[in-house]
Structure formats: structure tokens, C-alpha cells
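Asker: Each chain is listed here by its residues.
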Amino acid sequence: MNGSQVIGVGIIIGAYSLMLFLLYKSRRIIEELKVMRKAQMRRRIKQKVNSVRNVVIRRRR
Amino acid sequence: MEEEIGLSRGLSMWHLMMMGMGMMIGAGVFVATGISIGFAGPGGVLVAFALNGLVALFSAMSFAELASALPTAGGAYTYIDEAFKGIIGFISGWLNWFALTVAGSLYAITFATYTVFLLEGTKWFSYLGIDSELMIKVLALLIIAVFVVINYIGVSETGNIENLITIGQMSTLLFIGVFAVFYTIIHPERLSHFSNFVPNGWGKVLAAMGFTYVGFEGYEVIAHAGEEAFDPKESIPKAILYSVVAVTTTYLLFAFAAIVGADVSPENLTAWFASHGAVGMGEAIKDLMPYGGLLITLAAIFSSTSALNATIYSSTRVLFAISRDGKLPRFISRIHPVRRVPHIALALSSIVIVTVAMALPIEDVAASADIVFLLIFLLVNAAVIKIRRERGDELDYGFLMPYFPAIPIIAIALQGVLSIWIFDVSPTAWFVTLGWVILGLALSSRYKGAREVKEVPEREVVFGEWLPKGYKVLVAISNPRNAPYLARVGETIARARKGELALVSVVTVPEQTPLEEAHRFAGPALKLLRKVREGLSGEVNVRGVVYYAHSVYRGILSAIKNKNADLLVLGWRGRSRLGYIFGSNLDKLVEAPCDVLLVKPGKGEEVKKILFPTAGGPHSLLAADIARIFALENDASVTVLYVDRGGVERKRIERRLEPVMRLLNEARGTLKVVQTNNPKGAILSECRNHELVIMGASEGSIFARRLFGELPIEVAKECEKTVFLVKKDLGRRSWLRRWFL
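The listed protein sequences correspond, in order, to chains A and B.
Going by my numbering, the first sequence opens with residue 1, and the numbers climb by one from there.
Going by my numbering, the second sequence opens with residue 1, and the numbers climb by one from there.
Chain A on its own, in the form it takes in the complex (with noise of 0.2 Å):
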């Protein structure tokens, strides 16, 4: 192999290794940023839930 085809070489896998590291980081911050989303619409359905509740007993009293 001459000089120019290691540097090709070099500059194809390193494009594509870097290329599905991308992806790879990517795809983890979608699923951790999916999770959050999750977590948080749990959190407002307990809280709506909650404020409903308290008008009930309230108005119950």
C-alpha cells in the first residue's frame, strides 16, 4: 500500500467509525431524553390527579 492509500484508508474508517459513534451517543441521549419525558408526564398526571382529589374532599367538607 502506498502512502496516499493508508491515509485514504485511514480517513474512510475513521469517517465511518466516528460517523456510528455519533449515532450510537445519539440514540442514547433519545431514549434518556424519552425517559425524562416519561418521568415528567407521570409527574403532572399525579399532580392534576392530586389537585382533583383535594377539590373533592374540599367541596366534600
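There could be a bad hint or two in this list.
[As the list claims (entries may be wrong)] The list that follows gives simulated cross-link-like pairs (lysine-lysine, DSS-like), each with its CA atoms no further than 25 Å apart:
1) B:LYS561 - A:LYS34
2) A:LYS46 - A:LYS34
3) A:LYS38 - A:LYS48
4) A:LYS38 - B:LYS563
5) B:LYS561 - B:LYS498
6) B:LYS561 - A:LYS46
7) B:LYS717 - B:LYS561
8) A:LYS34 - B:LYS608
9) B:LYS563 - A:LYS48
10) B:LYS608 - B:LYS672
11) B:LYS717 - B:LYS728
12) B:LYS561 - A:LYS48
13) B:LYS563 - A:LYS34
14) B:LYS651 - B:LYS672
15) A:LYS25 - B:LYS386
16) B:LYS498 - B:LYS728
17) A:LYS46 - B:LYS563
18) B:LYS561 - A:LYS38
In short, the hints are calculated from the structure, not lab data.
Given the coordinates of chain A, work out where chain B should sit on it, guided by the hints.
Answerer: Here is chain B on its own, set in the frame of chain A:
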């Protein structure tokens, strides 16, 4: 009664990926690869593709981040306008429109070039002595005319065909690539084609990167679809990123195949590709494998036609959006009252596509598209930085790119360098682009005072809320003639199951028209919903829902998923459309992820006798329950008909149908066994004595018994009485059964 209006969300991640990849492999690769090998050499092209994949992924991350935060907005123009407003926003839209139209010209010329390449091998073509260059221009003009007409007519039911074309393109290119890898293992001497790796220096690799960049754009169409995607915060970023990686892998393999395939000495390889120009790819693959030339030509023709269609409607949409935002004369955003298409924007886009295709050689057309796309993506990378800095706290992101802001800054620098480097390949392309920018600036100063248009809300709840629990019957209505009957059928089932009824009407606009504009056409649907509601008893909670979608199928699927429907009621006229079992929408809807009741209304007779032909199976129990509901409702009797073809003992039949008979006990169900070899004739003959026929989908294997099964469909077609076809949702099992059992 509650009435709600909403946009439909009918696209899954798979659909989005297909859209993105379909646009990316839009013929650019077939033309640009051969030309690029001709000046950058074999190694230079592979390096250019790998680096372009990386640069495209950097920009794709910016698109993914913006699309996940602003899923209802569409495309590059909207993001840049959101970030910079004013003149930069306008120029980005203006360039985006130009980029799409120029890409359209490139696809039309690619189609024509490869068609001529195919025809040149025939005797009659050489006998006629037609000039190839002239033929290319004529064919390009013809194909543009065909797709302009298709877009004007407003054909929107092309989703599945486009998906098939994309799968065909990807698998053809991958097949050629994998074949080349095995070929090289058997003939390692072909690796000597890489001995002159970058014959004209590394500077030409940069030029090749810029020149082939058009093959790495197209994923932004996924961002356009933000308003129609399921769970857009997750599916859009994933679809964008996966598409870029999948397409880069395919291109690398494909370019490798062309290089090892060319039957030429290593020293002359670069010159050989340079001499063949746009069809160099085709010639090389022709040498690589038997029928390779034909395979690649067909792939190029299919890719270019599907991409041409997509670019025509995308460019129309972008021009429409600029005009609607008040940045160009308002008459451009007029929508045709019958076709529902922005016809003036379509006409203007078509004029630019034709002019560029006729006036410039293919190299300059490709280079122009590259320059404009690079500039737009550069601006999107700048927009992602500005938007995250200024509005990051208030936006709800589904994806945040890692290593921010390093990645968008590197992308901006690389895209700037690449766009300038294209001057090396085509100075004409730069002059054309500069001329276009100057024209845009002149126009923008003229319409400076134009008012911003008030944005139409994309999701509008008129009144009411959904109850989270209970059995939900969803009735899809569109035809005023059968809508009242379908609604009554749905109401009867909902009442019997103590559930609620949703009446759904879908208002469609073609792909060229943004969904927000669909509300203009909602009038008849709203009128129909109100009229249908008046005919109901009011004993069941009823909602009227209007969905806006690009196809009826997507609209109803979206309603099913959003509202967790248990049963979908659909109407059918009893006739098949050519190439379909029921119709283009019905064929897909009967596969919906819920139970399905297909109603073919007959003569309006009072129901006193119900015929229930059955042979058991999972769909029969649901059908029996619906028969029981209608028998009790109408005080009718039910005849359970079993057609015996093999002389089975009555006791065995009774044992088999025992669950069905138990369900029908309270509905005066009686079993009738008929021995015959002609089940269709027997059922049709029994139909005459009954007013309503209810049949479950038959179990069986692929092809012969698709959807509901051959026999129930044949009976439903020929029976003059009202027919209900019932299909239970068996989830994944249903799909597996149909394909493998």
C-alpha cells in the same frame, strides 16, 4: 356530542425512514459518482463519500434537534426563518425553493440520460439515428410534464408505491455492492484499480465531496413530515440519523462496486470514467455482472422518477409557504378550489425545473443543486446554535446533539469550504446561484412591507374532551348516502357494549398542500357529521371528529391510535377497484390495529332474519357477538349456516360451533348444515331468505385468502342484502398467520 378537529399522525419511524432514504437515493448518486471518479479517482470518491456521510450526519443532527423541538414546523426554511427572521429567512426559503427545483431538473435529466443509455443498446434506436443529446432533452421535458400533471391532479395515494421503489433502490444498490465484495474476494487482482488512489491530488477529493453532496440531501423531507409522525420527538430524530448512516453505507459499497467492476486497466480507470461522464456508473456495473447494466439503469430510472415527484411537491410546498408568510406576492399561495393544490406555486416551480433542465448541461445542474443545498444546510447549522442559545430553555427537545456547539461549527466550516470548492468543477453553477440570490434580494426589497400572515392553528379542539375508559366504536364516514346507516350500526354496537361512539371524517389535501390548509375544505365534512348526529338516538355518548391528512388511510389510522378504538366500522360499496380487493384505502384499513366491521349496505329492509355463515375460527366469535347484538336489537332470529364439503358428522360440527351457538342462545340461533361442494352458491341461495348477512373473516393462507378471505368477499360482492364482514384484531398473530400459514 363533542366535536373535535385535529391533524392526523399516521407515519411511523419506518415510513419516515423510507421517505428520507427515497429522497436521498434520488438519482444524484447515479450521475455524480461516475463523473466524480473521473476527476477525483477511485480512492478519492470513496474518501469523499465517507467524509460526506460524516458531514451529512453533522447536519442531520442539527435537523434532528430542530425537528424534535419544532415538530409541527416544516423544513429548513422554517428553521432558518425561526432563527434569523428578516432577509436571511427569506433568502433561505428562496434558495431552498431553487435547490429543490434544480434537484428536480437533475432527476429529470438523469431519467432521460439513463433511458437513452438503455435505448442505445437497441437496434431500432441506432437505425433511426436520433441524436442522443436531443433525445435526452425531449425525454426530460416529457417526464417533467407527466409529473407536473400528476401533482396538479393531486394524487396522494402513492405512499406504498414510493416505499416499494425505495426498498427496490436500496436492495439493488446493496446487492450490487455485496456482489462486488464477493467478486473482489474471487478476483483480488481487481483491487489494483485502487493503485492510483487519488491521481489528481487531494484537492479534487474536496471537489468530489461538494459535487456528490446532492446524494446526501433529502433526509430533511423527514422534518417536513413532523406534523404527521407518531411520537415525533422520538421517531423523527431516529429516522433522520438512521437514514443518513444507511445511505452512506450503501453509497460506499456501490462506489466500490463501480470501481472494481469497470473492465479497464488501473492506469486508465480515471480517464475511462471521465470519458463516460454521467453514465460511467452504468457502464462499470454492466462490466461487473450479467444484466448489471439493465439493473442499474432500471434503478436509476425508478429513483429519478420517484425523486422527481417528491421534489416537485416539496418545491411547490416551499414556494407556497414563502408566499403565505407574506414574503412573496400572495397570489402564489392560492389553492385550487377543486384540486386542493397550490396550482400557481406548482406552475412556477415547473417553469424553473424545465428552464434549468433545458438550459444547462447535467454537470452544471448537479453542481448548482450541490451549492444551494450546502448553503442551506450551513444556515440550518447556524440556526441550531442560535435557537438553542436563545430559546433552549423554553423548547421541549426530543433530541439534543452531543458535543454542542462543536459539531454544528465544524459542519458550517466544512460546508462553506465545499460550496466554494465546487467552483473548481463548475464555475457556471456559482454564477447561476449568485444570479438567483441577487434576484431574490431584489424581490425581497420589493415586498419588504408585506404583512406577516396570521398563523392558522394546526390543532383545534372545538369543544369537549375524551373519556379515557370504555369500549370505543369508531365509524369512518365520508359518503353522505351510507353515513347515517353506518353511524346507526356503530351506535347499536356501542349501546350494547355500554361504550361510546366516535364519528370520524377525514379531510384530505395532496402532499403539495400543507395540512394546515386543509381546514379550508372541512365545511362538507362538518356538515355531514352534524347531519349524521341528528339521525342518532342520543342514547350513546357521541363525538364528531374531523382529521386533516394527506390520505384517508393515514387520517383514520391516526384516529384509531389516538383514541384507542376497539372497533372500526367502515362502509364498502361492494365493488373492487382495479388492483385492489376493496379499494386503495379500505385494503389498508381492514388491517388496522383494532377489530374491523366492514359494512356493505343493501336494500333498506326490516331485519327479521339474520344469516350467519361460519366454520368457526377466531373471527367467528366476534361476528357471532355482533349477530347477537343485531338480533336482540331487531328482535330477529339468527340462522347459523355451516357448509359441509366433506360429510362431517353433525355432532362434530355442533362441537366445533359450540362457543358460537352458546353466544347466540339468547338470540334464537338455529344451526343449519348444508352439504355441497359449492359453498358460495349455498350461502348466496340462503341470502335470499334473510335480510342481513354477517360473516367473520376466514382463516387461511397467503394470497388466496387475503384480508377477509376469498369466500366472504365473493359473497359480499354478489349478495344484494346488507352484509357485515367482521375481522378480529389478532395483533402480530394475524400478520404471521396471513403470511406463513
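Asker: When the structure is checked against the list of hints, which entries are broken? Sort them ascending.
Answerer: 7 and 8
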